Each structure stands twice: as C-alpha cells, then as structure tokens.
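> Now for the letters of each chain:
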Amino acid sequence: MVNIRTHNVVKRFGAVVALDKVSLDIKHGEFFTLLGPSGCGKTTFLRSIAGFELIDEGKIFFDDEDVTYVPPHKRNTGMVFQNYALWPHMTVYDNIAYGLRVRKLPKDEIDRRVKWALKLVHLEGFEKRTPHQLSGGQQQRVALARVLVIQPKVLLLDEPLSNLDAKLRIEMRAEIRRLQRELGITTIYVTHDQEEAMSISDKIAVMDHGKVMQVGDPVDIYFHPRNPFVADFIGQGTFIEGSVVDKDEYLLVELEEGLGRVRAVPSRRDVEIDVGDKVLVAIRPESFSISSNKASNRFRVKIYHISFLGNIKRVQAISNGKKFLIDVEPSASFNLDDEIDVYVPYDLTLAIKV
Amino acid sequence: MATLLEEIRRELNELRWQFDLLNWAQLTSVLAVFTFFLIIPVLTIVQASFIYEGRLSLYWFQLILRDPLYLPWKGVGGRLFDVIEYSTETGRQVLIYIEGLDFGVILNSIYVASLTTLFSTTIGFILAFIFAKYKFFGDEVLRILLLAPLLSTPFVGAIGIKKMITSEGVINTLLVDMLGIMPFRLEFTGISAVILVQTLLFYPIAFLNIYTSIINIDPTLEEQAENMGASGFYLFRTVTLPLSMPGVEAGALLVFILSIEDLGTPIVFRGSNADKLMPVFIFRNMFTPTGTIKGDATALSLILLVISATIFIVLRKYISLRRYAMLTKGGVWRPRRRKLGIITTILIYILCISILAVALLPHIGVVLLAFAGEWPSGSLLPTYFTLRNFVKLFTEPGVLRAILNSVVYSSVATILIVLLGVSAAYLVSRVKVKGMEALDTLVTLPIAIPGIIVATGYFLVYIDTPLSPLIWGAPLLIMSYTVRKFPFTVRAVFAGLEQVDKALEESAVNIGASRTKVFFTITLPLIFINILAGGMLSFIYSMSEVSTGIVIGDANHNDAPMTWKMYDMLFKGFGGTFVAAAMGVMLMALQFIMIVASNLLLRKRAVALIGI
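Protein chains in written order, with my numbering: chain A, 372 to 725; chain B, 24 to 635.
FYI, nobody ran anything at the bench for these hints, they're computed from the structure. Any given hint could be a false lead.
Unchecked claim - Below are the BS3-like pairs computed for lysine-lysine, each with C-alpha atoms no more than 27 Å apart in a straight line:
#1 A:693 with A:665
#2 B:415 with A:445
#3 B:595 with B:455
#4 B:457 with A:430
#5 A:693 with A:618
#6 B:595 with B:415
#7 A:574 with A:524
#8 A:475 with B:525
#9 B:540 with B:457
#10 B:525 with A:430
#11 A:445 with B:540
#12 B:455 with A:582
#13 A:524 with A:486
#14 A:430 with B:415
#15 A:499 with A:475
#16 B:455 with A:499
#17 B:525 with A:499
#18 A:445 with B:457
#19 B:457 with A:392
#20 A:486 with B:540
#21 A:392 with B:455
#22 A:684 with A:649
#23 A:618 with A:724
#24 A:524 with B:525
#25 B:540 with A:475
#26 A:445 with A:478
#27 A:445 with B:455
#28 B:540 with A:524
#29 A:478 with B:415
The structure displayed is predicted, hence computed values, not measured ones.
Could you build all of it, start to finish, from the sequences and the hints given here?
Below is the structure:
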C-alpha cells in the first residue's frame, strides 16, 4: 500500500502523444479512477504504472522509490486485465498460486494464501476448475484473487467490468469496492463509463488526448467542472456559448443564438472570470424547474422529444436552434410541440471559462 | 540534432527495456545462422558474378546476355508440337508430340513459371469457389482428395507422369490401343511436360490459399450487398472477388516462386528442352573441370535470384503474409454455403473427378512403379507386382545409407528449426522494437531464394574450409535444410503466438515472473501444438529437399541424402526407376502420416501452415 506519484509523464507512440505531461498524486489507500473516452491515454497510464510501457519522459514514484526504470515483474503491482487473462492451461488454484510459486514460497504457505484469496473473493471449492468452466463473474473473481494473493502495492484495474452484463456489473462494482476497503489497498481504476466512475471512486481524473483535464472527487467533478470537456463528458446537460458582459454578485452572460442574457455563477471558485471572457454556460437537466422563482433565468423552449426514464421524464426541447435537456416530474403532462417556460436558479447556471 | 540524439537515446532505452537475456540469446543465434548460411552465401554469389579474372567486371552478364543459349537472339527454337506419322505392326500411327518452344534459358524459366501460375491459379480458383460457396454430397471428401497432390515428394510427380505420358505410355496404351477412343497418340515432353507436372503439383497451393480467403470473408458483407440488390455475377465481381484477391495473389505468387526454382521436375526430363530451365541449367553447368564454380553459373544464379526475390517482395509488400495469417485466425462466423441440387452436384463431380483423374496420374504412376516387377512400354500395367523394390531399399548399395542420412539430417535440422523458429517468431510477435519487421522479412526470405542458389553459395563460401561438402556433407546439408525450411515453422509458431492474448503473458509478468519465466511457463505451453505441427512439417519438407540435396550429394556420394539417391537411381538404368519410385512412395507415406497428424493436432488452423 503506497502513495503513487507521477511527475510529467510523457509517452509517445510514433507521432501520437499518448500521455502528455501527466502528473498525478494517488494517496495511500485511495480508490482512484482514470476516466475518459477511448484513446485518451488512460490505459497507457495504467500500463506505465505497471511497467508495461517504458515512459519517454517524467518519473514514477511508489512512495519515495523511483520506479521509472524498474521492470514490470519487479514492481509488485497487481493488474487485472479487461479480459481477465486467466491461463487456460492451468486450474483456478494454479492460476492463483502462480505469483507465489514465482516467489518460491514454501508449499504450505502457498496453500494457505491461495485459500485465503479464494475466501476473499467467495470462490472456495473452485480450486480444481479450469477457467473455461467459470462464468464471467467468477473469472473476474479469480483474476482479482490472483493479484491480491501476492499482496501488491497497488491494484490496477483496466475496465474490469466491461465484459460483464449490466446487472452483474453493478454487483461486481460493489464487490470490488468492498475488497478494496477491506484490504485498504491503493487502487487505480480505468473506465470510460462516467456513471461507473462516479459511483465507485474516491477521486477521479478525467483525461482527454493524453492530458489530465481535471482531478477531483465525484461531486466536485460533476458540479464544478474546470473546463467544457469535463462538463460535457461527465453527465449530461444543456450547453450554450456566451460572453460575460457584466459582473456583480453574479456574472451577466450574453448568450449566443439570441437567447438573451442570463445570470450565472463561475463553475469553480478558483477560476477567475472577468468581463469580456468567453464562457460556456452549462445547466444540468435536473437544475431546471417549470415554476418561476425570483432568482432564476427563464427560457422559452419547444418540446420535440420526451423520454420516460422511470423516476423522471427527460424532455428534449429547442430554443433558437439550441438544444435543451430538461428533467421533469414523471407526472408532468407535456406534449410534443408544446412551448413551455423553464427556469434555472442563478446558482445552478454554471459559467465555465473557455 | 538534439532531437535526433534524444530519439536515439529513447530507442536505446526502449531496447534495453524490451530485451532480456533470453531475447538477446534468441536474436543472436537466429542472426548467426542466417548470416552464415544464407546471407553470406548469397552475397558471395553476387560478388562472384561481378568478378572476372580478379577484377570487377560485367563480363559474365555480357556473356550470358549475348549468348543465344540464354536469350532467343537467333530466334525461337523448338516447336510447340509436331505431328509424326509412322507405321508399326498394328498399322499407321499418328503421334502428336508436344515439347514447347525454346526461348533460351532465362525466358524459358519465366514463361514456364508464368504458365504454371496461370493454370494452377485458374484451377485453384474454380475449385476454391465451388467448395467455399456450395454444399453438396461428399464435398469434404472430394475437397481433401483434391488437395492430395500436396503429398508429393520430389521427382514423384515427374517420374510417375513420365511413365504415363510418353508415346508408349499408359495413357496412350489405354486410350489408343485398348479402347481405341483416341485417333492419335499424345506425348508430352520437355517444357510442356514440366508445365503439366508443375500445374498438377502446385494447383492445391493456389486452391488452399484462395479457399481460405473466400471462407474468411465475413458473410454479412455479401449479405449486405444482396440486401442492396446485388446478385449473381455482379455480387461476385464487386464483393466476393475483390475480397478474395489477397488469397488469389498470395497463391499465385507462391506458385510462381515454387515453379521457377523447381529443380526436381525438369531434372527428370533429361535430354529434352527442359534442360534449358535455369535451376537445371545451373545444376548441370556449375562446375568447371577443376571443381570450382563457373562465373556464368553464378551470374545466372543471380538473375534467377533477382526474379524470385522481386516476386517475394511483391508478395510481402502487397499481400503481407502476416495479414494472411490473421485472416485464417478463426472461424468466428459460418461461411455462406448454398446447397446444390442433384444436377449441379453431378456436373461438379464430373469436373472434380476429371481434375482428380489427371492430378492423381503421377501418384498412381509412381505407386505402380514402386510395386512393379517389370513394366515394358506399351503395356497398361506392370507385367507383375512385387515387393522387391522395397526390399532393395535395404539391400541396394547406398540406398539405406542415404535414407538414414536423410533421417539424421532432417531430425537435426528440425531441432534447430524449432529452437530458432520459436525464438524468431517470439521476437517478431512480442518484442516491440524497431527492426523486428526486418527480422520477420529475413526469416521468411528463404522462400524467395532458390535452393540451387543456396547450394551454389555454399560451395563458393565453404569449399576451402573444414565445412567443405567434399570432406563432410552433413553440416552444410543440415544447415541448408534448417534455413530453407525455416519459414514453415516460423509461420506456424507465429500464427500460434498471434492467437495467444498478450495479456496472458503480461498478467504473469505483473505478478512477478520474469519474461524468461513467462516464456517457459505460459507462452510455450500455450503454443506447444503449433510448435509440434510446425516441426513435423519442417521434418517432412527437409526429407524432401531436392536442390541442395542433389548438389551437395553429387559432390559427396557417401554423405548424400535420399533425394540425391533417388535422382541417382532414376538414371541408373535397369530397375533404378523402380527403386526410386519405392523411395518416393516411402516419402509419400511419411508425409501422409505427418500431415494427417498435424491436421489432427491443429484442426482448423492447419490451413495457415501449408498455405504459408
């Protein structure tokens, strides 16, 4: 269990910059998620931590130890691959015992620890099975047990749930989190699924084109995006460009497309926005209401699609060519082509510096 | 400048990172073998071709290019065919004697290879299309039978067919004398016989390659086209044919290379214009009376090399053997195959059986020869059958020795091939460093280098060393087998490695195993079957190696392999042909066993191997 620190890590594949000066600080025992679209560099980062990619520039530290040039088999990380990578020519027992045998531990010690690992992932009695006799969820558990048994410094999970069906995915998500808490192990988790990232992580790093766009806890990332990419990638919303024309308690933003002026708050307190700045106004669907409120911005929109999602109805509407996403009570009775007024409190109208 | 240094520093870093001790050992041994037993001999030929009386000169090329022996400066020789009329006791006979035109040694080789390629690819394509697209009674059996000519060992095709197609041969005896359904006799000889035999030998290679590429076309691609209204020939021309082109091209180019370097076929038709094909011509004229290699032979070798290497480069560049290997990776989808009605089935049977009847002529011929006690010309079958020829394998002086030589050389070569081939395939597939592509090309290169050139090169390089073939034939024969049959194993192992998910290895490294440990505990067990199958193929191909075998064997009879002995027996007069045929049958049986075994081991993956 260690603190993992990377300093200006750069990795190129030919002309492509897969990692562009990535500096991250992952605390002891933290569940840290790398989130981003495919090709953003998240898997490359994970593989660099494991040592499968030799980085071109920068440093990687496990606590105070510089591991930049330590070969992968000496890093003592535990990586679970997307497809689990269980060895088909070995039983479950042999798969899990492999890392211990490599370390030349005594036989009874190996046996004791394999049993412990199987118990940890609730797979007692599966020792003699071969991987193809296991379900997807069970294979996943074996893959976890195989790395946990060597007591790695850090657990690396590369989209571990992407091969499971929706229901099992939610179940394994909780399972992985339970294991992580139980063992208190520093964990780096890679996913492109923002909902998964939000629900499981202590901290999230949003990546794009090899760069870290924002690091923060889920609430911070969702409500206080640092830039338009993060706002767009995390959750859904209505996004309208505009420029700041005045500034008092709120920012007064002149919206494009002739949508008028709105009052908004900066998405982050630590980002200074001045009069004349270009901003992206972002409004989460749940921030809209259909009743007027004193400190609210008002939009008149025309409905063109309504989808019922169970707990809410999500309305897609349009105003001056701009698309709006609005969540309303499931009981709300709107029809297509209705023109309605919607309101957003000033405090939930986020202005993100472009 | 700074960025260049930076780049170099990074490459070196990467190199140090990617290579471990095992990799270095693998790389060095592969490179050493290829350097000493392929690169240096070939370069020596290049060098020798440009040296005349100790000076750099184009003399040998001028000599060759001016000589009407090599190029048709004095017009085209020979005749396509002759009609000869003569009388015998049974009456007047008409003989159509087909030998083929003579354009000189260089053009002869090119046009023979071109025609063989054209015919083989056409037959191969028709068959491949039928078997890939239609389902009918007995299709599996028929398909395997049509691949049977792959089981042909050196000389066999030629020996067998020679017995069949002469004027007093089996075909004419049957059709003219006995059945009386053919009004004239037909005899193939020389160049036309070579084209005939090679087409029968090589069409299965085109067939296999094309078949594989057609069944690997994602059926939804054709369904989509049909969905949009395409059908029949339009669908074939716009979707099926373009998608199967890699297989067609790969098959055709392979056939071309195999044909142009083939020594075993033309050598059987000694005394005809088949002597004027490059490999045979070099073989017969390479030595000066004092035992050194002639300059014009090296220059001609170089010309042959340039032709086959060009074809090889085209093969690699446009069709990429690797992509082909990927194509055959797995049958994820079920190929679209239409069920045929009874009438079309019968038509297909007629077509396939006629091809088969001709294609199996050489095999039937050679088996009959092997069991023949006596077989006078003009007689349909041998006058009596006997096992004497097989007994002679043990009693005839030198035969057993040659067979044992072959077994020993091939075994040692197979061990070397497996060790080095697994190493090379592993490096190419797993070590991501610049230059591994080049290694891949290097180890596939032997396909492009005609055996006669390797043999000539060995003589040039090693004649005055302790490895001289005159002193001791074994080392150079073993190394020639190793290098020449290397690509088969490398491809088999490479195909296996590509099927092994790299994550399986990385996950072992991740939990503490060194790369070397992973290689032995994870990688090798997972590709064991491919190694075994690849090794078996290398063994049978080594046993059947002709070119280097007869060149070195001719220089050192004691250490000669069985292919040389077959060649020797063939022209030894009475009974020799029968013993040679018995040796051929023995080799065929061996091939049959090994191919069936490796097919059982590899199941579907087998296609990738032979198709190389």
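> Please go over all the hints and tell whether each is borne out by the structure.
Structure-based check of each hint:
Between the alpha carbons of residue 693 of chain A and residue 665 of chain A the distance comes to roughly 24 Å, so the proposed pair stays at or under 27 Å and holds. For the hint linking residue 415 of chain B to residue 445 of chain A, the alpha-carbon distance of about 63 Å lies beyond 27 Å, and the restraint is violated. At roughly 55 Å between alpha-carbon atoms, residue 595 of chain B and residue 455 of chain B are farther apart than 27 Å, so this suggested pair is violated. Proximity of residue 457 of chain B to residue 430 of chain A is assessed by CA-CA distance (about 24 Å); at most 27 Å being required, the pair is judged to hold.
Using a Cα cut-off of 27 Å, the hinted pair residue 693 of chain A and residue 618 of chain A holds, with the two alpha carbons roughly 25 Å apart. Note on residue 595 of chain B and residue 415 of chain B: the hinted pairing holds, with a Cα-Cα distance of about 14 Å set against a maximum of 27 Å. Of the supplied pair hints, the one linking residue 574 of chain A and residue 524 of chain A holds, its CA atoms being roughly 18 Å apart against a limit of 27 Å. For a cut-off of 27 Å, the pair hint linking residue 475 of chain A to residue 525 of chain B stands: about 24 Å separates their Cα positions.
Of the pairs offered as hints, the one joining residue 540 of chain B and residue 457 of chain B holds, with about 24 Å between alpha carbons and a cut-off of 27 Å not exceeded. Restraint check for residue 525 of chain B and residue 430 of chain A: the C-alpha separation of about 26 Å stays at or below 27 Å, so the hint holds. Only pairs whose Cα atoms come within 27 Å are accepted, and residue 445 of chain A paired with residue 540 of chain B is accepted, the gap being roughly 13 Å. Note on residue 455 of chain B and residue 582 of chain A: the hinted pairing holds, with a Cα-Cα distance of about 25 Å set against a maximum of 27 Å.
About 20 Å separates the Cα atoms of residue 524 of chain A and residue 486 of chain A, which keeps this hinted pair within 27 Å; it holds. For the suggested pair residue 430 of chain A and residue 415 of chain B, the alpha carbons sit about 75 Å apart, so the restraint of at most 27 Å is broken. Restraint check for residue 499 of chain A and residue 475 of chain A: satisfied, since their Cα atoms lie roughly 22 Å apart, inside the 27 Å limit. A threshold of 27 Å between alpha carbons decides the hint, and for residue 455 of chain B with residue 499 of chain A the separation of about 36 Å lies outside it, so the pair is violated.
At roughly 25 Å between alpha-carbon atoms, residue 525 of chain B and residue 499 of chain A fall within 27 Å of each other, so this suggested pair holds. With a C-alpha separation of about 25 Å, the suggested pairing of residue 445 of chain A with residue 457 of chain B holds against the 27 Å cut-off. At most 27 Å may separate the alpha-carbon atoms for a hinted pair to count; residue 457 of chain B and residue 392 of chain A meet this at roughly 25 Å. The straight-line distance between the Cα atoms of residue 486 of chain A and residue 540 of chain B is roughly 24 Å, inside the 27 Å bound, and the hint therefore holds.
Pair hint residue 392 of chain A plus residue 455 of chain B holds up; C-alpha atoms about 23 Å apart against a cutoff of 27 Å. A hinted pair counts as satisfied when its Cα atoms are at most 27 Å apart, and residue 684 of chain A with residue 649 of chain A does not qualify at roughly 32 Å. Between residue 618 of chain A and residue 724 of chain A, the direct Cα distance comes to roughly 14 Å. Compliance with the 27 Å bound is thereby established for this hinted pair. Restraint check for residue 524 of chain A and residue 525 of chain B: satisfied, since their Cα atoms lie roughly 23 Å apart, inside the 27 Å limit.
Distance check on the hinted pair: residue 540 of chain B and residue 475 of chain A sit about 13 Å apart at the alpha-carbon level, within 27 Å; holds. At roughly 22 Å between alpha-carbon atoms, residue 445 of chain A and residue 478 of chain A fall within 27 Å of each other, so this suggested pair holds. With a CA separation close to 20 Å, the supplied pair residue 445 of chain A and residue 455 of chain B stays within the 27 Å bound. Between the alpha carbons of residue 540 of chain B and residue 524 of chain A the distance comes to roughly 22 Å, so the proposed pair stays at or under 27 Å and holds.
Distance restraint check for residue 478 of chain A and residue 415 of chain B: the Cα-Cα separation of roughly 60 Å exceeds the 27 Å cut-off, and the hinted pair is therefore not satisfied.
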